[in-house]
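For the record, the sequence lines run as chains A and B.
Start counting the first sequence at 44; every next residue gets the next number (this note's numbering).
Start counting the second sequence at 44; every next residue gets the next number (this note's numbering).
Treat each hint with caution, since some may be false.
Copies of the same chain look alike in the list, so a pair counts if it works inside one copy or between any two.
Said to hold, decoys possible - Heads up, simulated SDA-like pairs for lysine to any residue below, C-alpha to C-alpha not over 20 angstroms straight-line:
#1 K279 - K445
#2 K123 - M44
#3 K360 - T105
Since the hints were derived computationally from the structure, they do not count as laboratory data.
There are 2 protein chains.
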Amino acid sequence: MANAFYGQSGGVTATINATAAAVIEAVRAQPRVIEKVFVGRNGIIGALQENLVDITEESEETLAGLIHTPGAAFGSCRHKLQNPSAEHDEYQRLIEVFQAHDIRYFFYNGGGDSQDTTRKIAHAAELVGYDLTCIGIPKTIDNNLPMTDCCPGFGSAAKYVAISALEASFDVASMHQTSTKVFVMEVMGRQNGWIAAASSLACDERGLGPDIILIPEIAYDKVAFLEKVKEVVAHKGFCVVVTAEGLRDQQGHYLSYIDTVDAFGHGQLGGVAPRLVDDIKTAFHYKCHWSVCDYLQRAARHIASQTDMDQAYAVGKAAVEYAIKGLQAVMPAIIRTQSVPYQWRIEPVHISQVVGGEKNMPRHYMSKDGFSVTQAGRDYFAPLIAGEAYPPYRAGLPDYKKCRNRLVERKLPEYFGKKCIQPASEPA
Amino acid sequence: MANAFYGQSGGVTATINATAAAVIEAVRAQPRVIEKVFVGRNGIIGALQENLVDITEESEETLAGLIHTPGAAFGSCRHKLQNPSAEHDEYQRLIEVFQAHDIRYFFYNGGGDSQDTTRKIAHAAELVGYDLTCIGIPKTIDNNLPMTDCCPGFGSAAKYVAISALEASFDVASMHQTSTKVFVMEVMGRQNGWIAAASSLACDERGLGPDIILIPEIAYDKVAFLEKVKEVVAHKGFCVVVTAEGLRDQQGHYLSYIDTVDAFGHGQLGGVAPRLVDDIKTAFHYKCHWSVCDYLQRAARHIASQTDMDQAYAVGKAAVEYAIKGLQAVMPAIIRTQSVPYQWRIEPVHISQVVGGEKNMPRHYMSKDGFSVTQAGRDYFAPLIAGEAYPPYRAGLPDYKKCRNRLVERKLPEYFGKKCIQPASEPA
Numbered sequence: 044m045a046n047a048f049y050g051q052s053g054g055v056t057a058t059i060n061a062t063a064a065a066v067i068e069a070v071r072a073q074p075r076v077i078e079k080v081f082v083g084r085n086g087i088i089g090a091l092q093e094n095l096v097d098i099t100e101e102s103e104e105t106l107a108g109l110i111h112t113p114g115a116a117f118g119s120c121r122h123k124l125q126n127p128s129a130e131h132d133e134y135q136r137l138i139e140v141f142q143a144h145d146i147r148y149f150f151y152n153g154g155g156d157s158q159d160t161t162r163k164i165a166h167a168a169e170l171v172g173y174d175l176t177c178i179g180i181p182k183t184i185d186n187n188l189p190m191t192d193c194c195p196g197f198g199s200a201a202k203y204v205a206i207s208a209l210e211a212s213f214d215v216a217s218m219h220q221t222s223t224k225v226f227v228m229e230v231m232g233r234q235n236g237w238i239a240a241a242s243s244l245a246c247d248e249r250g251l252g253p254d255i256i257l258i259p260e261i262a263y264d265k266v267a268f269l270e271k272v273k274e275v276v277a278h279k280g281f282c283v284v285v286t287a288e289g290l291r292d293q294q295g296h297y298l299s300y301i302d303t304v305d306a307f308g309h310g311q312l313g314g315v316a317p318r319l320v321d322d323i324k325t326a327f328h329y330k331c332h333w334s335v336c337d338y339l340q341r342a343a344r345h346i347a348s349q350t351d352m353d354q355a356y357a358v359g360k361a362a363v364e365y366a367i368k369g370l371q372a373v374m375p376a377i378i379r380t381q382s383v384p385y386q387w388r389i390e391p392v393h394i395s396q397v398v399g400g401e402k403n404m405p406r407h408y409m410s411k412d413g414f415s416v417t418q419a420g421r422d423y424f425a426p427l428i429a430g431e432a433y434p435p436y437r438a439g440l441p442d443y444k445k446c447r448n449r450l451v452e453r454k455l456p457e458y459f460g461k462k463c464i465q466p467a468s469e470p471a
Numbered sequence: 044m045a046n047a048f049y050g051q052s053g054g055v056t057a058t059i060n061a062t063a064a065a066v067i068e069a070v071r072a073q074p075r076v077i078e079k080v081f082v083g084r085n086g087i088i089g090a091l092q093e094n095l096v097d098i099t100e101e102s103e104e105t106l107a108g109l110i111h112t113p114g115a116a117f118g119s120c121r122h123k124l125q126n127p128s129a130e131h132d133e134y135q136r137l138i139e140v141f142q143a144h145d146i147r148y149f150f151y152n153g154g155g156d157s158q159d160t161t162r163k164i165a166h167a168a169e170l171v172g173y174d175l176t177c178i179g180i181p182k183t184i185d186n187n188l189p190m191t192d193c194c195p196g197f198g199s200a201a202k203y204v205a206i207s208a209l210e211a212s213f214d215v216a217s218m219h220q221t222s223t224k225v226f227v228m229e230v231m232g233r234q235n236g237w238i239a240a241a242s243s244l245a246c247d248e249r250g251l252g253p254d255i256i257l258i259p260e261i262a263y264d265k266v267a268f269l270e271k272v273k274e275v276v277a278h279k280g281f282c283v284v285v286t287a288e289g290l291r292d293q294q295g296h297y298l299s300y301i302d303t304v305d306a307f308g309h310g311q312l313g314g315v316a317p318r319l320v321d322d323i324k325t326a327f328h329y330k331c332h333w334s335v336c337d338y339l340q341r342a343a344r345h346i347a348s349q350t351d352m353d354q355a356y357a358v359g360k361a362a363v364e365y366a367i368k369g370l371q372a373v374m375p376a377i378i379r380t381q382s383v384p385y386q387w388r389i390e391p392v393h394i395s396q397v398v399g400g401e402k403n404m405p406r407h408y409m410s411k412d413g414f415s416v417t418q419a420g421r422d423y424f425a426p427l428i429a430g431e432a433y434p435p436y437r438a439g440l441p442d443y444k445k446c447r448n449r450l451v452e453r454k455l456p457e458y459f460g461k462k463c464i465q466p467a468s469e470p471a
């Protein structure tokens, strides 16, 4: 009998709490193996600071409501651990905390950087001979983890952007004769076009949805883009553009200037849509409108995909099963066995196969001219947005739950490791 | 027996087609009074150009689906008619078209400018002695029409921004310890803060929802704003700001119209949200994120308010009833008789009482410091977002309908009035 740690890490999603709920429920279903789940307050920082959430302090109603609540119920973080082969003070501290609370199972829920955290902790535990079963759990709206067909969180973001692009196209179609000719919608995706490309699901034979999709994997060619905008406007009277925030020019420079850098060294982007609108207005004097979805697309639990919800829950449940089976340093991956009708299963993959990789969109998901998504791409995306997992409502608003996040009593002295409470470096 | 004209005008909404459906259904229910409805393709421009949609060419499925489809199904326009007492060529043309199609009922669905169109046409018909019953129908997400408690279209936009602000606050709450401290969401509202203020419904005793709301009616005070941001971040660790696009400084200048040029010589286009983020970053170096909702907020039929849907339908139905009763130059207005539980009815008001007026938010709906909404304001907004009028879905996307918009055969020569296809002059 021992306890488990669960942490949420990196940029949050509409469905990460469904994974949390699955982990908590799966542990409770195995009371003879794992006694308690301690949840890190703000992910791994909670472990470093011994800020462990006592979930027995949460009401059953709150825990049941996790499944339909966006964001990270227990707090997330962007924190890069040191390399376990160099300095060791963070790992010593982590092991001390785990030991103090008899934590022998470590579950960490996040994207690529978070899987790296799990890998490092497994390595560090091995180095000092501390018995710790480490399981990574996938989550990222970016959909860029290798070895898994898709990532929990992505399907709901994809559904949100496809619906938004569809709705915006109805709006612009209404207005174009005397007003707006071009609408540009900016979505997330620093390195990959997964989210932007998913908006293609709104395209149909009726001429709705995005006419042009711009992704980071294909360099922005201003001349070709403007030619395409002109052609679409001439043909149908208006043009809807969806662009990823990470769009780059032929020299590889982000169109949107980088003004801050996070803990992992990633620049914070924003503002490609107004840049493109600038190019279009300068060339054609069309009236344009633009939107930047930003957090709204990853927090939009109100229109979560049921497929995404099912998968977010399934990876949490599988993670606990793997731990109980004694698998080490694995991540539950989603394996697609069939697209139509959609079939999938969960399989363990070794975390070392996930870390450091970055799954770009296959080039054949995009048309030859690079502005639209092929049938192969649409076949990939379609099942991921299927089904509407509506939350319950109260007084016109989703009845999202907020955890109390009461902490368990500390057993160790305070930790003053210099890295542990510093915010991500932000030169602003 | 005669025919009716119905037109959609101005910026569109998530629920204007519910009004169209109501007008069409109400006319069909009175086959002994009004024979046919001719719908203007792009509003009044359709009448000028004799581009009249033959709704009998639309399938019953499409007409039934209008009620859950955003945008203007028949096209909208921004077109300002001449003054009927000055030149008359547009009015001569309109009367000719109405005469050619035996149109004796005129329904026009829009905001303040569209009500003005109805008033002018009623006046012009009177001047030339053409018997034409003219009814204005309210619609605007801006909620700024006088004489009506609220405007169809607003409740759904309000629901969208309240839900989005709520969801974003869950996201930022998750991330703030090591990442984003401030999130700024920009919503529509050039002159009025109705939409921005409605986001206050997301605020509750749990500290969620927007912490600061900025509206055009209250001049932006940079010092006070930054002080408030700092205070909120110090108190709860993060801050969510909702701003109306029409925010102005103490001199009355729009913040968003001030262009800046970056180091590369690229003009940074408007957008109040990035401007505010700039101020915050410069002062405090907080990591910030921002979004611009733009058209997404007024097209978001996927999360329409049931109250709004009911009212959008009711004003369309009432308009036809008023016409049949012989009322002239009136608009169905929504009269609130009680807030809790919410009760309302529809009453006719004379269009001359609506035209030219602009309903700002009452000052007492905002707190003394101008940054939050009072209980009086929340009592006003709360019933307008009640209920979720979900559209049907197909393959993960709303099953919105697109009209064929086949035109009836023309009876008149083409019209070359110089104004009729020019775009309305508008700030780009």
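Structure-based check of each hint:
1. K279 - K445: between (47 angstroms within a copy, 14 angstroms between copies)
2. K123 - M44: So K123 and M44 fail the 20 angstroms test inside a copy (31 angstroms) and across (77 angstroms) alike.
3. K360 - T105: Intra 19 angstroms, inter 43 angstroms, cutoff 20 angstroms: intra-copy only.
Violated hints amount to a single one, hint 2; each of the other numbered hints is respected by the structure.
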